[in-house]
Each structure stands twice: as structure tokens, then as C-alpha cells.
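In the order they appear, the protein sequences are chains D and H. Note that the first sequence ends on residue 1066 in my numbering; no numbers are left out. Note that the second sequence ends on residue 1210 in my numbering; no numbers are left out.
It should be emphasised that the hints constitute simulated quantities derived from the structure, not laboratory data. Be careful, since some hints might not be right.
[To be verified] One side of the interface only, derived from the structure: several residues of chain D facing chain H at Cβ under 8 Å:
#1 Leu33
#2 Gly90
#3 Glu92
#4 Met163
Each residue gets a CB set at the ideal place from its N, CA and C atoms; glycine is no exception.
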Amino acid sequence: MSDVVEKTLTALPSLLSLDSQPGSAKLSSTSKLGNLIRGITELTSKHLQEEEKLIQRELSSIKEQVSSPNTTMRQMKELMVRTIYCEMLGYEASFSYIHAIKLAQQGTVLEKRVYLAVSLFLNESHELLLLLVNTVLKDLQSTNLIEVCMALTVVSQMFPKDMIPAILPLVEEKLNHPEIIRRKAVLALYKFYLIAPNQVQHIHNKFRKALCDKDPGVMTASLHIYLQLIQENPEGYKDLTASFVTILKQVVGGKLPMDFNYHSVPAPWLQIQLLRILSLLGKNDQTSEIMHEVLDESLRRAEMNHNITYILYECVKCIYTIHPKSDLLEKAAKCIGNFVLSPKINLKYLLKALTYVVQQDPKLALQHQMTIIECLDHPDLIIKRETLELLFRITNAQNVTVIVEKMLEFLRISGDDHTTIDLVGKVAELAEYAPDNEWFIETMNTVFSVGGDMMQPDIPNSFLKLLSEFDSVEEDRKLRLFAVNSYISLLQGTPGKLPQRFLQVISWVLGEYSHLREDLEAAVVLRLLARLLDMKNCSSETKSWVLTAMTKLCEGGSGVSVAQQVSETYSSSLDTVLRQRAQELQYLSQDSELRARVLPRGAGLEPVDSSLSFLDGFVSEALAAGAAPYKPPHQRQEELAGTKLSLEPYGLSLPISMSSCSITDRQSPTLLSMSSGLSGDSTDLSHKGSATLKLDGVKRVWGREGYLSQKEPVEEPAQVEVPSPLRSPSQQGEADSSHSQTPTPTPTPESDQEKQQLASSLFVGLGSQSSVCLMGKSEPTAQRFRRKAKGHSTASSPSEQISNSVVSPHSAVDNLLCNNLLDSNITSELALSSPELTSQPSPGLTTTNGTCDTEAELPDSDIKESEPAVIRDNSVVATDPAPHEAPDRPKDLCLTSHLPAELSGLSHSEISHLCTNQSLELSACHVQKEDSLLLVVFITNSSDSAAQQILVQVDSEELERPLTVSTEEYGTMWLAFSHDTKQNLTLISDSQEPLTATLNVLKRKLQLHVVEIIMEGIVACRVLQDQPCLMHCRVHAGTLAVWLRSPIPDLPDCLIYHCQRALQGH
Amino acid sequence: MIKFVLMVNRQGQTRLSRYYESVELNRRAALEADVVRCCLSRKKDQCSFVEYKDFRLVYRQYAALYIVVGVTDSENELSIYELVHNFVEVLDKYFSRVSELDIMFNLDRVHVILDEMIQNGHIVETNKSRILAPLTAIDKMADG
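With the hints as extra help, turn the sequences into a complete structure.
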């Protein structure tokens, strides 16, 4: 398979010198390209300068030749390839761009391949691209298919936006050409849509036509356009949902030509594309239930074939995006769980899909807890990272300490900036679930010191806001005091290592709250703060925060002298802001009365007039005097942009940095920056990433009333069975005994003890609804995962199902069962054609798509819809696709009216009773269809209770018959069949002849015919009416390697599934 | 979305590069070196996906040659992993047992193949015979 590139570099020099190597015709090592490549290869990576010299030499030689008039087109093409090579190595060759365009213009078809060079050299905004328009125009009108093809390829990669109208009619006209052109034309239109959607607004009907194209390639191309369109406006394309479902059904069912298969999977990337479209369409849409069937089918296939997990991923994602259907959700979750357990490392990555699962229903995480734990400890960082992502979504007040601890652990080992920013934001968000003050402050300390100056500016802002908004007197005092204590000890250590943002937070908190600690003299704090000013790496922004804090603190005694000293130093600073602060400090430290007025203690709580209404008088006066009305910055920018002046570089400096909040009064900087945000309308600057703290919609543990848990009695009787959340990581050991609460799959040796313990602390609070939340009011916080209220109706239905009567048709009418199965709509129709009358194998079989267990199942919902009418009526007719239509009428009056509509016109035999007991009546009749005989079974509920579900199971095993062929016949058939599947099955190893034993089991259980057993290779086969399936088995490494072939696409898959089951059951 | 496709050998020499988002020429070399270092440092038992800056790398090794694809967060990494293999199979079909040399000496052809498969960072064709159709047509013309 991957026997590619076996000739390694070591062999390269010898290969290049020996021209006689087979296959070297294409290599032409004597060419200049050959020389170049050889030159580069001989250099080792150590000699960068040599490489540069070599390339420069090459480039100047190219330069000389391209401008020479004697260079032929053919040589020119070769030169272009060499230039591509040089550019690929990072050496610019802009001189050649114009020549590439010239070549595309003048060359013959053969040289035109350099269209490619053009698309490699130029980017979409390059001015030379305009020169290409003419060439493209000419080529589009060419009669040569290849020329048209190449022109369309280049158009679909890059084209100047303004020139689209010039070629649009030509491209549109190409939509009537052969499929290869048609496909490329659609892709060109896709490009046009991407760069200038309004230019192609009028041809949306052509997109539809492309979607309905009979060529699958053209249809696939049009999906790109639709994905884009639907992304922008899902509402506008709901009418296409059914079409996409049908397309996907056909693709999954193997209706595409064979060459679209990839490793015998039908067009996997097309499936993925369709699933993406469906999930966009089905999002928050009740009508998405038409997708369920095909999604179910996809899932089933993924379960059987381990090589299509990439489709499974998309499928699960889709199932969890669209309007939920509980059994599908469960199936998807189970399926994903199995694959994540796989030892194959890449399958572990499906963990990412599990993230969608737990987001919908955190309880499902419980089933996979040991898997998650295993992934969390995985040495591969990316797996770990995905696991953390998953845990982030299931965090609640009870497991927050452990999850945050894990995140911080990861932060310490990963050095990547992007990861740090992302994770720090998440930790800060989770910190709001904090179990206690101490933990909260400590966690935020870590956030600030690890996140440093990279993190989102909102994090410190929100933190300070939280701190200042507290007003439950006792609690907030404790919290603030704790913060002060913790910061003092940090400053007494080595504050030089702390990031600037953290220092700013520290100085604000100390300035505002250090008075809470009574044993602490203001002078001590002042000295600590003054030390910060002397640090080399202290930015002037931080300095101004520090100075402001000092201004708040300088009160009498020795404090004043420190303040004086500092203010003297900085009052001559070149930085005007610092200078102003220093002046303020100086004056206010001398005049304590004024200071008390300017900076009243505890003013952080006072609301700021964010509308700046006190300025209203001033504004109206100014307006009356003829001043221009205020415009928010973005509006000003728009207006400027309108005059074609790009101001982009300046746009970036607009965010209001913390330094711009002048804190002359005792206000929380957050409030201040918010107010300036409101008036200056900088809302577009905030809430950029996920890392920002969205405080608005979130109900916090930390609320106005203080730390909420304190309001709940901590000891509740029901709590006994709930393991207490770990207070701090160091106390993890204490939870040891509590792990019994979470169900664990295996009895474990001691080494696993730790994992189990971790599991119990991670997944606490996810279990049943009865689990009591320690945090009391914090429970609603967990609800922000938007757990779908899947209602108790679904929860209770399984128990009801137990009492349902399950009717198996083969018991009563076994002899009527036959070889053929028409089942495309089997879900509610029991239609079996009789063997005697069907001369043709039913065409329906191909649409069966290997549905092995066909279940005629009346969906729960149907029954529910039918409501009391049916319950009183007592007749639910399984044959009728819409049982709830059964009106109120005596049960024995007329079963005929329940015949499916499509059969009602046909002649049918008398309806005869088969059997009756107190709850069910079974009747049947024949319907004569043109090509088959249908047996219709009526099931009548004669009891008083409503039938919740009637399950009729027709196993395809029943339809299998042995096919007796000779070895020779087998051989010819084998070659003729195109659909195959290979898989390893377990071998029954308890006998001397494991192969024979295994085959005998299969033979007995599945009605196979064993043709011959030669040595280890053996052949067996079987048939479904006229539809054979051949099977080849051999023993390989202790397993049974099975190879199935059949002319019917899904039969091998179906059969392998049965073999698996048969052997499992043995 | 796919950001770029790279073919690099174990020595870190670039054999093919295609960007679907414009990256300045002088920044490419540094990016490529970094990306290769990232992939080479991975062990066999680690998975074929790496987080790199704000996007992901999907890589696959064929003898001494690495194929690395940079994708955005929203892409399905597993499907890209298979796409890489499909690409190699197409090359294998065209060159009949493709080697690193084939790729080096037929850079333009490999680009044509890649352009048939991926455009604007999206997968546009995966059907092997259709991918190769335009290229074989040109080759036929050159021969005849």
C-alpha cells in the first residue's frame, strides 16, 4: 500500500549519474532541472549559505535566459519549472512572473501547463493577474478541451474580482459542456461566489441545476456552493433538506459508480460534505427528523467498518447538532465510545467527537469515564489537550477543582502561546465555580502568573469587577482579605518574575483593600509598592497603577515620607501620565482632607454613571454653539474608509487599554473602562475569543450575595452517598473511599486505584438527577451546558417497552416466509413476497443496503400522537403506516380499510384470522401485486391498554439459503463479482481443526454451503434467491481472515456482520 | 479548511509546497522548518495530528517522505489523514510506484494533480481516474 518512495536519498547521487535506470525517461537527469536538483540534494542542510549561492546563480541564469529572444517556448516551460523550484525553497523570483503570464498567453497547449506557475507565483491581489484575463477569455473559447479545462482551473483558483462580468457568460455557457468541463465551471462559479457573491446572485437557479446534475462529480462540486450558501443563510434552503438526504442515502447505499469508492467506501468525502450540510440545515430544527434514518444507517456502517471512522466523526457531530432523537444519540455515543477505546492511536482522536456528545448530555461522560481518564494521562499532548477540552464542557461546581488542576498541570508543560491563552481563559471561566475563597484566589493567582501578559485583557478586568461588586459584608471581607494576604506575600517574595498584568491587579487590590487587614501598616504596603517602581521590567502602565494605589494608601506617619520620596522621583518623569500621577500623589499625601474627598474608601462599590449624563448640559451647550455631533469611532472609521483611505494599521490601536483609564478617583478600573466602552462604543473590541469572560448570562457562584454555597446548609441527609468534592488537590487522597459511588467497569489492581479515584472526582455531579449538589445554588450554573430537557417521557419509555408484546412473525407464519425481502419501507410495512410467484429477484434488495435486522417498529411518537382515540379503539394495525389514523369503529368491522393506501387498489384475498389471545389478534391476507405476492399481516390490539410498541423482526438470516456450486463455478463467479469486504474474525480454537470447526458453526447457523476445504484455504458460499455471495476464509495469525465477494454492494458487509454474530454467540 | 500541503523529506528539504492562504515567501521557509521539526519530533506511538499555533497539522510518513497538511480547527483531521493517502495513491497510480525522485523531477505534474484535488483549501475531487484525466490527456498529446 504505502510502498512509496522507497528509493531514499542515499541512492540519489548514483541514480542521477546512471541514466540507464528504468523509469528515468521522465527524469532526464541531463536537463538543467536535473542539475539544479542534484545540486540542492548534494548540499546538506548545514550549508545554508551554499544553498543560497547555488540558487542565486541559478536564478541569474534563468533571468538571463527568459529575457533572451532566442529562448523557445519549450525551454521557457522548463525554465518556469526551475523557477517554481527556486520559489519553493524560499527565493523570490518575481522577475519571472510576467514571463509566466506571457507563456500562458503564447504557448501551445503543452506549454500552457504553466498556468499552474501563475497560480503558484501570484496571489489574488497581484496586479499582474489582470494581464491573465485576456488569455483566460481566449482559452475559454477554445475548441480544445484541455485548454478550456486549464483556463477554468486557473479561474477557480484566482481571478480578479472586477473582471468577473467579462468571463461570467462564458463560464455559464460551459455548464452545458461534457461533465469534466461542467464540473470545473461549477467550481469557477464557486470561486466567483466566494470573492464576489453579488456578481453571481442572478444565477442561483444554475446552482440548483448543477445540484441536480446527473453526473455525481458536478453535483459534488455544487455542494461547495451550497455549503457556503447554507452557512450564511440556513433558513433559505430548508426546502433542499430532503434532496440532500436522498443524495446521501444513495451515496451510502453505494449507488455511485465504482470509481468513486475509496477503499470500498463510497465517496467518503462526499458523505462528509453532505453530513456537514445536513447538520447546518438541521440545527435547531424540528423537521430534521427526515435525516434520522440515513444517519442511523451511516452509524451502523461505521460500526461494522473500522476504516471509516472519519465519516463516523462527522456523522456523530451531525447527530448531536440536529434536533435530538434520543435513541440515535445513544447509539452514536456508544459507537464513539467503542472506537475511542481502540488501541489505534489515531482513533483515540475521536475523543474530539465525544466532546460533542458530552456537551449535549454530560451524563454520557459517565459511561466513558475510564476512557477519558486514560486519555487524560496519555503521553501524547494533543490527546491530553482534547481531553481537557472535553472536561471543560462537563465542569460543575463539584469537579471544578480537579479539572482546573489538570488544566494548570497541562499549562505548565506546554510552552505554546496559543494553548496558554486558550487554556488560561478557560481556567478563568471555570474559576467561577470555585468551592471557596482560598481556592478562587489561588487559582486566579496561577492564571495571572502563567497567563502573563498574553491573556485576554478581560480576565483581570472581570476579576477586579467581581472582587469589587461583592457586598455580603462578612464574606466579601474574607475574600478580599485573603486576596490582600496572598498578594502581600507575593510581593515579599520575588515580584520581578510576575507579569505586568498581575502586578497591576495586585496594586489595585492592595490600594483598595489593604486597610482590611488591621495588623498591616499602610507604610509597609507603600514600601512594597515602591519597590515595584524600581524594578527594571516594570512598564510605565504598571507604574501608573502602582502610583494610583499609593495615592490611596498614603496616610499620615511614615507613609507620607515614602510617598513624598516616590513622587519626587517621578514628578520629573518624561512620561506625562506618570508625571500626573506623581503630582497627584504629592498633593494628596499632604492634604488628607482632600484625599478623603477625592478617593473615598470603599467607593469601588458605587455605580458609575456609565451614560455620562452629567455631561449632558455641556454637550447640549456645545451643540447649540455649533459643534459637530459625536460619532463613535467605528462610524468615523467607516466614513473615512468610504473615502478610500485605508486606516487599518491605526484601527488596531483603538482598543481601550487599561492605561487609558485614568483612575483619579477611587473607581474600579473595570467600571471605568466599561463606561468608556459604552460611550465610545468599543463593544466590537471586546468579546473576541472564547477566552473572554462573559459575565452577563452566567449565574455565578460568586454573586452579589457573596459566596453562595454558604447560604445552604452544608450537611444534608441525602448527601451521604455523594462523595465530597475535593477541597484542594493536596487532599485528593481523602476521596479515596468515596469512589464507590461512581460505577467502575472493572475490578482493579492497585495501580488503577488512582485512576478510579480521579474518575470519581472528575465525574462527580454528572450522574443521576438525584445526586445532590453540594453547592446548593450553584447547581444552575452547571445548567449552562444547556442540557436538553429530554424530558421524562423518553426516560420512562424503556420501562414501558418491557411490558410490550413483541410479535415475531416467524412463529405464526413461518411457513409463509420466503426468500425475498422488499423492505425499503419496512419500518411500518410487513410486505413479503411469496417465493412461488416471484420469478425475478426483487429489485428491492439493492436498496436494502444490508439492513440485516429489519425491525418493523412503530415509533413511540406515533402511538403517543394517536392518543386516547387509539387506546379506546384498541386497534393498532401494524401494517398500516399510520396506525393512529384508525378511527373509532368496531374492531371486526373492516380490517380492509387498514390496508396501506398503495395496496388498497389491488385485489386481495379474504382476511383470515390466524390466532387470537386476550390481548392480540392476528389476521392475514394476500395482496396480488403485479410482480409479487404480498402477505399482509394485521395485528389488532384487543386489550384495554395501549400498545406502546410492536416489534416485528425479520432477520435476514432467515432469507439465506445455501448455494451449491462446484469449485470451478466458484472460481469463475469469484472473478466476476465486484463488491468485496475483508475482515478478521475470531476462530473457534477449542478443536483440532479450528478452521473446519469454525466453518461448521457458520454452516449450521447461517445456512452456508461449504464448497471445499483445501489446505488452509477454503471456500464457502451462499445465496439469497439469485443473489450469491462467496466467501473465502483462511487461518491467519490465530484469526479467521474472511474475504467476501458478491455482485450486490452491501451483501458482503451484511454477511460479515452475521458471521461475527454467529461466532460470538458460539 | 486546508491551509497548506507540504511534502518534506526527513532531512527537512521541501519537495513540494502549496499554500491556500497567502503566506509571504520569506515567511514560508521558517514556517516549513518549524512544521517539519514539529512532525519529526513525534514518535510512532503518538497520533498523526499536532496542534501548531492556532491550527492543526495532519501528517503522514511514506518512507523518508513526510506529507504535512495544515488545517483549521473546524476541519475533520481524520478525513484529511485519509485524503493524504488518497493523494499518494493517485501519485502511485500515475507514476506507477511513485518515489521521491518522481516528485522532484515532475514537480509541475504533481502540482497539476494536487490542483485537481484541492482548490481554495477545499477538497474538490477524490475520484482517482477523474483526478488524472486532464494530466493524462496532456501527456497523450505530448506523445502523439
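Status of the hints after comparison with the structure:
no. : hint   : result
1   : Leu33  : holds, 7 Å
2   : Gly90  : holds, 4 Å
3   : Glu92  : holds, 5 Å
4   : Met163 : violated, 18 Å
Violated hints amount to a single one, hint 4; each of the other numbered hints is respected by the structure.
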